[in-house]
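Order-wise, the sequence lines are chains A and B. Here the first sequence stands for residues 130 to 243, where the numbers follow this note's numbering. Here the second sequence stands for residues 22 to 135, where the numbers follow this note's numbering.
FYI, nobody ran anything at the bench for these hints, they're computed from the structure. All C-beta atoms, glycine included, are put in the ideal place defined by N, C-alpha and C. Every clue listed holds true.
Here chain B is said to cover these stretches of chain A; the calculated rule only asks that three of the stretch's residues, wherever they fall, bring their Cβ under 8 Å from a Cβ of chain B:
{"id": "1", "region": "171-184"}
{"id": "2", "region": "216-226"}
{"id": "3", "region": "230-242"}
Just the calculated beta-carbon pair ranges, DEER-fashion:
{"id": "4", "chain 1": "A", "residue 1": "L197", "chain 2": "B", "residue 2": "A50", "range": "26 to 34 Å"}
{"id": "5", "chain 1": "A", "residue 1": "H214", "chain 2": "B", "residue 2": "G75", "range": "45 to 53 Å"}
{"id": "6", "chain 1": "B", "residue 1": "K66", "chain 2": "A", "residue 2": "S212", "range": "31 to 39 Å"}
{"id": "7", "chain 1": "A", "residue 1": "E151", "chain 2": "B", "residue 2": "L95", "range": "33 to 41 Å"}
{"id": "8", "chain 1": "B", "residue 1": "L95", "chain 2": "A", "residue 2": "L197", "range": "39 to 47 Å"}
{"id": "9", "chain 1": "A", "residue 1": "L197", "chain 2": "B", "residue 2": "K66", "range": "27 to 35 Å"}
{"id": "10", "chain 1": "A", "residue 1": "M174", "chain 2": "B", "residue 2": "L95", "range": "24 to 32 Å"}
{"id": "11", "chain 1": "A", "residue 1": "P236", "chain 2": "B", "residue 2": "E77", "range": "25 to 33 Å"}
{"id": "12", "chain 1": "A", "residue 1": "H136", "chain 2": "B", "residue 2": "K66", "range": "18 to 26 Å"}
{"id": "13", "chain 1": "A", "residue 1": "K143", "chain 2": "B", "residue 2": "E77", "range": "46 to 54 Å"}
{"id": "14", "chain 1": "A", "residue 1": "K149", "chain 2": "B", "residue 2": "P35", "range": "45 to 53 Å"}
Next come the chains, spelled out residue by residue.
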Amino acid sequence: GAVVSQHPSRVICKSGTSVKIECRSLDFQATTMFWYRQFPKQSLMLMATSNEGSKATYEQGVEKDKFLINHASLTLSTLTVTSAHPEDSSFYICSAQLTSGEQFFGPGTRLTVL
Amino acid sequence: RKEVEQDPGPFNVPEGATVAFNCTYSNSASQSFFWYRQDCRKEPKLLMSVYSSGNEDGRFTAQLNRASQYISLLIRDSKLSDSATYLCVVNNRGGNTGFQKLVFGTGTRLLVSP
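Work out the full structure: start from the sequences and follow the hints.
The following block contains the structure:
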């Protein structure tokens, strides 16, 4: 299957700082990538759909000014959590979509905000 | 009502047992259906797609009933390595954008014991 990487895998930061997470499709080009968030014992929740060369589409309730998404190339999308607070602590997972529609997930980034 | 509903479990079964998981979805326009497996603190991985005709992959059998909006997964001859959370996932076409959107259930936890 297709390979998607995420970096960093784990980050701990102080409240008020910004954190950037990278998502890369390693062996295919993805015009569409997705960002999800998963709190403990809950399902993955789609945050936004990231499209190469255009603005991301955010799900209801997700603040676009707080979660900045950039999809500058067909293999890279970034999510920046600005002015992070403890309630933003979560498991952030990206996925990249093949032209067939199948999505492959990155290994996730565990964010802890102190 | 959640878009995708699953019994959270846990299902505790001995090795070699047969276990079945069920899932219901609320959007009758959902287009495709999947079972994903998620290990603790890891990303989801595609287990199998689900088709109306039913499909089998080794010890795993998936069924879809569109009329009842019901999906099932049957695992035969359970192995210790099958212990994980099984996520029922439906693919909807998202809102005005037309982009595909995966909606995840909260998952059913399976524990296989020796």
